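Participant: So the chains spell out like this:
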Amino acid sequence: MFLSVTTTHTPATDLGYLLHKHPDRTQRFDVSTGTAHVFYPEVTPERTTASLLLEIDPIGLVRKGGDTLGQYVNDRPYAASSLLAVAMGKVFGTAMRGRCDARPELAETAIPLEIRLPACPGALAERLFTPLGWTVAATRVPLDPAFPDWGDSPYADLRLTGTLRLADALTQLYVLLPVLDDAKHYWVAADEVDKLLRVGKNWLATHPDRELITARYLAHKRRFTVEALERLTELDDRPAEDADEPEQPEREPSLAQLRREAIVGELRSLGVRRIVDMGCGEGRLLRELVTEPTFTEILGVEVAARALRTAARRVDRFAERQRERVTLHQGSVTYADPRVAGFDAMVLSEVVEHVDPPRLPALAATVFGAAKPRHVLVTTPNAEYNVRWETLPAGNFRHPDHRFEWTRAEMAGWADDVCAAHGYEVRHVPVGAVDPEVGAPTQLAVFTRRSA
Amino acid sequence: MTRTIAVPDLSLVALVGVTGSGKSTFAREHFAGTQVLSSDAFRALVADDENDQSATHDAFDALHYVAGKRLRAGRLTVVDATHVQRDDRAKLVALAREHDVLPVAIVFDMPLAVLRERNKGHRDLADHVIRRQHDALRRSVRHLAKEGFRKVHVLSPDDSVSIEYEKAYNDKRELTGPFDIIGDVHGCHAELVTLLTRLGYVVSADGAFHPEGRTAVFVGDLVDRGPDTPGVLRLVMGMVAAGTALCVSGNHESKLVRALDGRDVRVSHGLAESLAQLSAEPEEFRKRAREFMYGLVSHYRLDDGRLVVAHAGLKEEYQGRSSGRVRSFCLYGETTGETDEYGLPVRYPWANDYRGAATVVYGHTPVPKAEWVNNTICLDTGCVFGGALTALRWPSKELVSVSAERVHYEPAKPLNAPTRAPDLLRIDDVLGTRHVDARLMGRLKVREENAAGALEVMSRFAIAPQWLPYLPPTMAPCATSTVDGVLEHPLEAFDAYRADGVPEVVCEEKHMGSRAVVVLCRDASVGERRFGAPDGAAGAVYTRTGRSFFPDPTAFLDGLRGAATAADLWTTLDSDWVILDAELLPWSAKAGQLLRRQYAPVGAAATAALPAVVTALEQAAARGADVAGLLARQQARLSNARNYVEAYGRYCWPVDGLDGVSLAPFTVLAAEGHVHATKPRAWHIDVLDDLVAADPGLLRPTRRLFVDLADEASITAGVDWWTSLTGAGGEGMVVKPADPSAAGKLVQPGVKCRGREYLRIIYGPDYTEPEHLRRLRQRSLGRKRSLALREYALGIESLTRLVEEEPLWRVHEPVFAVLALESEPVDPRL
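For the protein sequence lines, the chains are A and B, in the order given.
350 is the number that full-length UniProt numbering gives to position 350 of the first sequence; each next residue is one higher, with no gaps.
74 is the number that full-length UniProt numbering gives to position 74 of the second sequence; each next residue is one higher, with no gaps.
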């Protein structure tokens, strides 16, 4: 919430004209989040510094609500962020537009500048400012000197030095402060796109990180991002396809897709009609199941109310005949549920690895002991395969919520115990390309009740 | 002529009679308006016209639906419709069966002339309609019993009627015992005599009585297989006749009666022995025995409905009902329709699903040991197979057993210990809008959406429910203080408790760590026996949302167990397990991520930015700029920020394994036989001081000060204590009634008074600035207080259920409710 701008252009005092703020006056401006003050710590012909201090009202911030702002313990009153950018827009708006009636030629001239942001989210500072002609000095601030093992904070004491038009320097800060911070404080509206393009017109189109800047500035709202990128592409005279949706990181067909196909294929060959998708999540498998008309009744069960709502919205978009065959309700693999009993098949796709090992007996009792479907399909990662993923650090799980990942032998051991306790037989099927050494990335176990 | 007609108090009564025969008048005279469902009224409901015959189908649909709801709830229901057609009556009989109540017909038999007379000027139906109905009725009357009506009363025009309600045979709720419920005897006369004698009965050949007036209750299967079926029958028949025993029918009595009646039954499962032994008895005895067994009722409800005895058990919806299938369940239990490898029917484990309030005591299935499953217990410990004859004393629930003198009969399959499935919770134990009865506060509502949120947390993150018998309640702060510079102050707490009639409070140091509940068992066998622990562990340490503190708590629990043993806690509490409410320190051990992601970054940003701001303002001031006010404010903010960093830093220190971790126990929640949580604080302090002293490395004491609320000096001492505690960086203190029962009503179990510096990490570094404090004082505590009280009541409830050895689902219910209530939107800073 503090920014200072220094010039050594002679006479440096002309900074007052460029900023439209008299060096001898301390001025205050009301902004939506508090009060902005402009004052000059040093004013000499050789060197003049103007400072912008935004005093944020921490109580007002919380009372207004919002996700990131709902905390009294908040970095907003201290760190440079979009709030500071908004204050800049209000206080230095004319300067940002490059207008200076008193020194019009100076406004068009690149002058030596120093910018200081003593607490600025620093991770991307060098990457974003260097291409714009700045020399960047970012000194990382430790989280807490009393606890050195906690490491550095996200903030840096940032000093930018360069020779630029003041208006460009200010608009760059205006756009890049929220980008550095990556937490926009107000809802992105459509006119934000226009604002970004207007403010960044001199430098954004040629910035190597313009996608990142655009996406972050627009707070990851994808629709707006695409719109802005398209318009930027036009500005840059490049063909439009370059700005297409970025590739999904998963290879095609994705493993998730292969998994769903394997499940549907097994269910089809088992000849089942009534299916429970236990742990249906947001309903991606349901979408595939309804396309198979022989599956006459499909029940999706999910423990997370939020995911279930997403699944419900997905189901609402199905054709009416498909929708009729699908029911959703909230449930859990560790509570026996009479509503899921008596189905032909139950699918637990990527579910068991999200259950703490001590709770697995309850899962088995619920699924195999109480619900007792004729068939149970369980998929789970094959831990052995993880070494084939270059991006996965050794020893890590594929997802932070995984409580374990099984080797093929571990999976088989669990499956055999379940079969012995509950009267099932099991068959293991690899899903995905089989590596001769470590097997397939996903393991699928097909259980069938003995007395079925 | 005046007639008294008997109607079972739970029945479906069909009024049968031609239009105009006086059914509605009769119904009005003899039944409450809400008991009578009339087809006319339902026609009016669905079609605005009680004579609209086109609405008849829909009207009956609705009528049967409502009748079904009433019968399910166990309410006598009278259906007022003509019922002259067999099909119409069949629907009612089916409905009665569906709800296991008795169908009763009351027939209005009026001469055609009377009916014609009444029809005139009333409905004015065509004459042939009246005649046809009359004919149909006449043809029907004698078939009614065959159609399934268990009682048929035919009324003539001159009858004046009074109705007498009959209790069901199974309704012995007025008998309150005490009882001794005895398992399957199967002709083991000697063992029965031994058992009765041990229970204190004075036994003779043809009877027994208890000097203290106790009543024996036999669960059936007195006969077959064993050496002296006639002896057992003689003894029990004598007791029943003398009123010193009750007996329900077992499947073996039922079959023996049919055999004695000369019916074609397969002589197996020990029937041959009974027949041979009885053939040696006089004919008169055989006859009496046959009558006795024939007259046995299939189940009894006893002791105000708290106890149900049936041979093979009884699910809740069948209790107190009468129907063929209820009797069949009582005699044979529920089977899955499959047979096992020995050719015996596979029994459905109905007790696993049992959620009823009444205790069900039964026999039928031999088990190695009588064990409670969801408030039910099977007493058939296989005496005739060489096991034992077992009795349950009621209401003390004490088990008394005598071993079989020998193997009297070889079992068809070995009496293996059944692998008892771990108690499985059901989704309908927790989901949906729920009302939990908490004895401290009555019925508490849990909203559906809150339960939905809790389900996810409970399923995905919490430890096994067997280890989670309690979740700590939230605690309200004291009322907002108006003392300069602070938001909370002990005087508010003292005043509030004094106003509530609490004479003395104790101020207890609030440790700034993470709330931890510890379940500690003496060893793993206690964990398995007492908690049904599925994992072979001997305890658990968990957070306020039920997550395990440690990936493997063994080392921590071992340390704690060492202290408990050294302090002789097991003897003090007369228990081999204990549940403690505690604070686990340091805060950084659990909150490390929160500290690094939220608390420390704020401090880092503030202490990086503000010195630069102050320097710039000082330079400007030196130039003569008018920044004095601004500079002073920023200097204050810098000092606030430094205080903030210091505040959270006090609660952080590095740990290495258990090194550096310590536990501050402050309440002994429960142990075997007792919920201790509600005891006076001095008791807890005594017990826990001893525990802490046993291992001052792992455990830390909780400093405290008792304050007499009638004594100004004592109050001042309390305030001073808080001031010095929080001045030295302490989080603050919790003020609790010294004796929770002293107020004579339910009061907050504690309120917190947090320190001025500590609150910076709650309300932000600058909250102490007057303009901020002024606004922060506008906080509303009502919801928080209500929540704290409800969660406290639920916590005591779950502990009480645990201590009273209620089934897992009953203990889990209030625990889940606490988690659900925690998802109610309440200002998290309170």
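Read the hints as simulated data drawn from the structure, not as lab findings.
Treat the hints with care, as some may be off.
Said to hold, decoys possible - Which residues of chain A face chain B? A partial, calculated answer using Cβ under 10 angstroms:
#, residue
1, R25
2, F29
3, V31
4, R76
5, L124
6, H354
Predicted model only: the values in this text are computed from it and were never measured.
Glycine residues also receive a C-beta, built at the ideal position from the N, C-alpha and C atoms.
Participant: Look at each hint and say if it fits the structure.
Facilitator: Hints versus structure:
Because the closest C-beta pair between R25/A and chain B is about 8 angstroms apart, less than 10 angstroms, the hint holds. For F29/A, the interface hint is violated, the least distance from its beta-carbon to any beta-carbon of chain B being 13 angstroms, above 10 angstroms. Given the 10 angstroms rule on beta carbons, the hint for V31/A is violated: about 15 angstroms separates it from the nearest Cβ of chain B. The beta carbon of R76/A is positioned within 10 angstroms of a beta carbon in chain B (closest approach about 9 angstroms), and the interface hint is therefore held.
Taking 10 angstroms as the C-beta contact cut-off toward chain B, the hint placing L124/A at the interface is violated, the least distance being around 16 angstroms. Interface restraint check: H354/A against chain B, minimum CB-CB distance 7 angstroms, threshold 10 angstroms, status holds.
When each numbered hint is compared with the structure, violations occur for hints 2, 3 and 5.
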